[in-house]
Structure formats: C-alpha cells, structure tokens
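Same order as they appear, the protein sequences are chains X and V. Letter by letter, the first sequence follows residues 2 to 364 of this note's numbering. Letter by letter, the second sequence follows residues 2 to 364 of this note's numbering.
Check the hints yourself; a few may be wrong.
As the list claims (entries may be wrong) - On the chain X side, residues computed to face chain V include the following (Cβ under 10 Å):
{"#": "1", "residue": "Ile-39"}
{"#": "2", "residue": "Arg-148"}
{"#": "3", "residue": "Thr-202"}
Unchecked claim - Where chain V lies over chain X, by a calculated footprint (3+ residues, C-beta under 8 Å):
{"#": "4", "stretch": "56 to 65"}
{"#": "5", "stretch": "165 to 176"}
{"#": "6", "stretch": "192 to 198"}
{"#": "7", "stretch": "216 to 230"}
{"#": "8", "stretch": "240 to 251"}
Said to hold, decoys possible - Chain V residues, not near chain X, derived (Cβ > 12 Å throughout):
{"#": "9", "residue": "Arg-6"}
{"#": "10", "residue": "Val-111"}
{"#": "11", "residue": "Pro-140"}
{"#": "12", "residue": "Ser-244"}
{"#": "13", "residue": "Arg-324"}
Derived from the structure by calculation, the hints contain no laboratory data. Where a beta carbon is used, it is the ideal one built from N, C-alpha and C, also for glycine.
Number of protein chains: 2
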Amino acid sequence: MTDRRLAGPVRIVGTGLLGTSIGLALVARGVDVSLADISPSGLALAIDYGAGRAAGAGDAPQLIVVCVPPDVTARIVADELAAFPHALVTDVASVKEAPLRELVALGADVSRYIGSHPMAGRERNGAVAARADLFMGRPWVLAGHDRISYAGALAVEQLALDLGALPIEMTVEDHDRNVALVSHAPQVISSLLAARLTDATDAATALAGQGLRDTTRIAASDPELWVQILGANAPAIAGILHSYRDDLDRAIVALDAPRATGARRAIAELIAGGNAGVARLPGKHGQAKHFSRIVVLVDDKPGELARLLTEIGELGVNMEDLRLEHSPGAQIGLAEISVLPSVESRLVSELESRGWKISEALA
Amino acid sequence: MTDRRLAGPVRIVGTGLLGTSIGLALVARGVDVSLADISPSGLALAIDYGAGRAAGAGDAPQLIVVCVPPDVTARIVADELAAFPHALVTDVASVKEAPLRELVALGADVSRYIGSHPMAGRERNGAVAARADLFMGRPWVLAGHDRISYAGALAVEQLALDLGALPIEMTVEDHDRNVALVSHAPQVISSLLAARLTDATDAATALAGQGLRDTTRIAASDPELWVQILGANAPAIAGILHSYRDDLDRAIVALDAPRATGARRAIAELIAGGNAGVARLPGKHGQAKHFSRIVVLVDDKPGELARLLTEIGELGVNMEDLRLEHSPGAQIGLAEISVLPSVESRLVSELESRGWKISEALA
Chain X
2 MTDRRLAGPV
12 RIVGTGLLGT
22 SIGLALVARG
32 VDVSLADISP
42 SGLALAIDYG
52 AGRAAGAGDA
62 PQLIVVCVPP
72 DVTARIVADE
82 LAAFPHALVT
92 DVASVKEAPL
102 RELVALGADV
112 SRYIGSHPMA
122 GRERNGAVAA
132 RADLFMGRPW
142 VLAGHDRISY
152 AGALAVEQLA
162 LDLGALPIEM
172 TVEDHDRNVA
182 LVSHAPQVIS
192 SLLAARLTDA
202 TDAATALAGQ
212 GLRDTTRIAA
222 SDPELWVQIL
232 GANAPAIAGI
242 LHSYRDDLDR
252 AIVALDAPRA
262 TGARRAIAEL
272 IAGGNAGVAR
282 LPGKHGQAKH
292 FSRIVVLVDD
302 KPGELARLLT
312 EIGELGVNME
322 DLRLEHSPGA
332 QIGLAEISVL
342 PSVESRLVSE
352 LESRGWKISE
362 ALA
Chain V
2 MTDRRLAGPV
12 RIVGTGLLGT
22 SIGLALVARG
32 VDVSLADISP
42 SGLALAIDYG
52 AGRAAGAGDA
62 PQLIVVCVPP
72 DVTARIVADE
82 LAAFPHALVT
92 DVASVKEAPL
102 RELVALGADV
112 SRYIGSHPMA
122 GRERNGAVAA
132 RADLFMGRPW
142 VLAGHDRISY
152 AGALAVEQLA
162 LDLGALPIEM
172 TVEDHDRNVA
182 LVSHAPQVIS
192 SLLAARLTDA
202 TDAATALAGQ
212 GLRDTTRIAA
222 SDPELWVQIL
232 GANAPAIAGI
242 LHSYRDDLDR
252 AIVALDAPRA
262 TGARRAIAEL
272 IAGGNAGVAR
282 LPGKHGQAKH
292 FSRIVVLVDD
302 KPGELARLLT
312 EIGELGVNME
322 DLRLEHSPGA
332 QIGLAEISVL
342 PSVESRLVSE
352 LESRGWKISE
362 ALA
C-alpha cells in the first residue's frame, strides 16, 4: 500500500509494543523503516515480525521516533538529535514537559523535536503484542512548544494520520495537565481503591458487582511503567490529588457525623458533583449524549449473543454501546445495550415478542 | 407457572422498582400478592402492570416484603409487624444494621423480622422500570441476627430462590461492612473523582479513554437514594475512607517530592497494591481467572458486531466477556473480547484470516 502522507525514511528507536507497532504500520505503507534497540534480541524479534530493517551506517532518516521508557526518553532523543542533524525527532512517552525540559537542559536542538503521545492501549507489552492497527481511531497528541514551528512538525502529524490516529495539538503543559486529570490521577485513585480489597473476605468480594469491577479495572496496570509515568508527571498529578483529598476530607467529615447539620447536604452535593462531572465526558463519536439502556438475559453458551445482536440488526436498531456481565454463580449472561431513547420501547417489545427476557440496567 | 417454593400469600409494601418487580415475579408463579403504597397513583400503576391486587381488610399474609426507601424502612417494618402478628417480615434496603437497631429500639417483635438485600441493578426507578426478571442470577443477602432462627426465616430464602436470585446469608454487621467495601465506599471514591472533571476543558475530556469512563461510570447514580444509603451506613463507609485517605496521603507525599528517598518505592507499592486487590475479585461464575483479551476493529454499522460474534461462535470459542468502545470522532468500534488463554492465538489467526483487524487490548 503506498497511500500515505509520510515520505520517510523513518528510524525507530526502541522496539517494544509502540515502536514495533509503528514500524509494522509504516512498512505496510511502503515506508523504509530502520530499527534500533538496546537489546539485540528485542531488535531481532521486531525485524522477524516485519517492523523494519536493522539500522545501518548510511541511514538518513527524515523522521526518528523514540519509543523507549519515559525515564530515558530525553537522553535518547538528545542522542538522536545529535547523531542525525537533519532529522525531525519525536517520542511517544506519556509525559511531555519533563523530557522537553531535560532536552533543553542538555542543550539539545529542540527546534527539530516535538513530543507526541499516542493514546493507545497497552495492557500487554513487547514486540510480541505489536499490531499495525494499534493506533487506529485513537487520539494522538502533538505536544507543541515555542521552539518548533507548525511546518517543522508536519511529519509527525503525517505519521499519526498514516497510522489511522487522530492528531490533537496542545502544549506540553496542557498535555501533562490533561493526562494527569483523565489518566494519571484516576490511575492512583483506582489503585488505592483496589488496594482496599486486598484483605477483603470472600463473602465481601462475592457481593462485588459491575460497579466495583469497572471502578478498579485499571488497577491491574503495570507497576514498573506507572512508577515512571507518575514520577515524571508528579506535580500535575499531586495538584489534582490535593483537591481530591480536600473533597474526600469533606465527605469523611459528613460521614463521621452523618446527623450533624449540613451532613446530608454535603453527601448530596458529593453525589451530585459526580453526576455533573461524568456528564462532561464525550460519548460516542465525541458527542455527549444520553442513551437508554436495556439489559437482555442471554444464556451462557456460544452463539446466543450473536443471535441476539443479529435480531437487533434485523430490527434496524443501531447499538450505541454494549456491555456484558456474567452473574456470579449463574449460567447466564446479561447484555446491556445502549440505544437512542427514541427506539427503546420498540426494541424492548420486539425483543420480548421474540422470546428474549429483558431485565433492568446494570447497577 | 406454579413451580415455586413460597406458598404465600405475600404482601408488598412500596410499589417502586423493587416492590413491583417482586410482585410481577410472584404473580407469574401463581402467588397471591397484595400491594400497598403511600401513593394511590403509584399503587394503581403497579396493579395495572400486574404486580398484584390492592391490599384488603381480610389479608393474612405469610410474608411481608417492605420495599420503601432506607430512611423509613424500620418504621414501616415495625408497623407491619404490629398489624400482622402472624407474618414474617423482610425488607430490601441496602443497609441492614441501622434498621434492625431502630426496630429493637421501637420494641418491635424482631423474632419475625429478617432483613434482606437483593443486589439488583436500579439505574432507573419506579414501577414503570419493574421487571419480573430483575433478580435473576443476582446475589440476595439474608442478613441474619440472633433473635430469629434459620427456620423462621425460611420464607425469605424461598422468595429469593423463586425470583431466581442466589441467597447468601451473613449477619447484619457483616453485610454492612461488606457493602461498604464493595459498593458504598467505591461510590464515594468514584463520585469524587468524577467531580474533578466538572471544570475540565474539552481538550482534556477529548483525551479520556475507557479507563476513565469505567472508573467514573457509577458516579452517574441518583443523589437522593445515595444520601440515604451513605447516611445509614456512615460508620462502616467512614472507616474505609479513613484508611483510603491514609493511603492517599502516602501517595501525595511521594508525588509532592518524587525524587525523595523512598518515593519511587511508595509509588510502586501503590500500583502493586492495586494489582493485588483487583486480583481478589471473582471472575465469571465466581471463579478468579485470568483471561486473554483481544480487540477487534468493527465498522460502526448495524450487523457488523453480530457478524463477528457469529464467526467466533462458528469457531467454537466461548467468549468470557465482551466490551465495546467507540473511538471518539471515528466511525469505528473496538470490541474487546476475553477468552481463555489457550484459545487466544487460534482465535486471532482465524479471525485475521477471515479479514478482521485485530488491535491491542483497551487501556
């Protein structure tokens, strides 16, 4: 496939999940990709997967993508800027201000550097988990600063677009503040909540519903990576956690004396504040919408859910979202389907007439 | 249908979501159900839906189910115990110790009372949202105390079983401690996190991924109900939040001085503690299992997901879980499918050979 914006050649430093995925996607588009990694076996593996060729002495990359852990990102970027004085250099670390500051301190030529941050999943790591489609449909932040022009950074935007990602421009400061709010502080808050379950009895965890599962899912994240991310963006995260603790203190005061004057109001405002905050999150396709949710009981055997979705498709109803829950101890699944409110009652009656059992929305 | 354990008659006081749902399920099983509600129109609506008949002067219920808000539960239970001296009385409030203590203080005959708590969803309220299947496959706590015998409480266990729920016995103290841990404290923690988003910029919320969405989903809960629940179980919730705040303080100390001795270790232990806690949650069918997750890109049009699930069924693979995510701004959906690790590689290669695009697990 040669349908691409980026001319190349591209050099990728670090052949973990992100570096290898970027290489796979670029090679598929006909870009000349050279790979480098501190680990010879890691490099060989990425080459085996087809993510590019080994870097050579005569390489003259247009663009260098540094895909190494946050801790060492700035140092490697500085090395690359020095070694390839005509190349634009970017990185993919989850924090952007600390590496830029470190680069400036190192005296690097940051007029040829712009950081980026593809918001792509990585519950698994390494070249073995790499996918050319990893960035498809995902936001890809270009973290601008005042030492590089828009035109100078164009190749990074072309890279994001060639990979199917959605480029979003913001300053390094805005990036770090934003991800602290929507990613890093939530990680701390979720991990601390999950840690409360460590000594829970089986009787307690048997009562756990979908709410707790959702609230603690990201607590399964990799400690090594998160030590680096949280350390590198500590001031922004700490700022949010200080505010969070102030709110928590108010909640604790109210719950320590629930009959005191003002306690009920404080609790009500706590829940209402959460209502207002969650309503700020964009829904499908970036729009904040309210959907009706219905829950259909599905026998826990292969093919049943497909049959349900086929029938929903036959009714001409577009699902806006779908979640599955298995009842603990029961051979039954609950499929929660979000649809536009205007089609809810028709969908419920059609499904019931076809023999499906409809239950209440998951709590 | 007369396949039932409970003989009846049953009297239901309060015809909201839970009371009406219980009535619908019992009527479907041929039980004589009489209904009472403080609101004549609410009562008439539940009767219209077929949840039972209006209560009459000659009623002699075997079992009375009080389905009123937590705040007034004890008072109504006491009234019912006095008015029907031969009936067993239960309630369905989300807290169990405070109502029992209040009943004892009121001098009620608690040898005929056992509280219960069906762990069923209720994102919508009222008789209009009621479903006979509401309790299917859900835990239903029977909160025992030392003034009622197991045999005396049998009818409540029969009620839970007739409704398809899974009875779990525990003391009122254990119940309240357990739901504080797995439901009430997580509600506070999630609501406070969501509240941090109230003043977020659009640029920040545009970066929100599935992790934040999951972590804040329950923050959309009803303030009025939660004021009552949190107020009634305040000591148990406050105890957990105090411990949570101690952990949060340690995290803040580490993030306020991320280069200090011990800071990295404190952050690593925070994340590792979350790993350990989330691993305590039972998986599908009550077992704690680890599944492999693959993400398949699905065009955002009716029928595509059904086609995918049909093909997975044809491959003989049983999905353990499924989640859908829509990429903001993109006409594409990501279906995250959990399967046993032993079938993962076969499923990936079979789906890829059928033309599906596989991406990385959602972060």
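Going through the hints against the structure:
At about 21 Å, the closest approach between the beta carbon of X/Ile-39 and any beta carbon in chain V exceeds 10 Å, and the interface hint on this residue is violated. Restraint check, X/Arg-148 versus chain V: the minimum CB separation of about 21 Å is more than 10 Å; hint violated. Interface restraint check for X/Thr-202: the shortest CB-CB distance to chain V comes to about 7 Å, inside 10 Å, so the restraint holds. Only when three residues or more bring their CB closer than 8 Å to a CB of chain V does the claim for the stretch 56 to 65 of chain X stand; here the count is 0, and the claim is violated.
Evaluation of the coverage hint for the stretch 165 to 176 of chain X: fulfilled, as 4 residues show C-beta separations to chain V shorter than 8 Å, against a requirement of three. Counting residues of the stretch 192 to 198 of chain X whose CB falls under 8 Å from any CB of chain V gives 7; the rule of at least 3 is met. For a cut-off of 8 Å, the count of residues in the stretch 216 to 230 of chain X with a CB near a CB of chain V stands at 12, and the three-residue condition holds. Given as covered by chain V, the stretch 240 to 251 of chain X passes the check, having 9 residues with a CB less than 8 Å from a CB of that chain where 3 are the minimum.
Listed as outside the interface, V/Arg-6 is consistent with that label: its C-beta sits roughly 18 Å from the nearest C-beta of chain X, beyond the 12 Å cut-off. Distance to chain X confirms V/Val-111 as a non-interface residue, since its nearest Cβ pair spans about 23 Å, more than 12 Å. The Cβ of V/Pro-140 does not lie farther than 12 Å from every Cβ of chain X; its closest approach is about 6 Å, which violates its non-interface assignment. Remark: the non-interface label on V/Ser-244 conflicts with the geometry, its nearest Cβ contact in chain X lying 7 Å away (cut-off 12 Å).
The claim that V/Arg-324 is not at the interface with chain X is violated, since a C-beta of that chain comes within 12 Å of its own (minimum 6 Å).
In summary, the numbered hints that this structure violates are 1, 2, 4, 11, 12 and 13.
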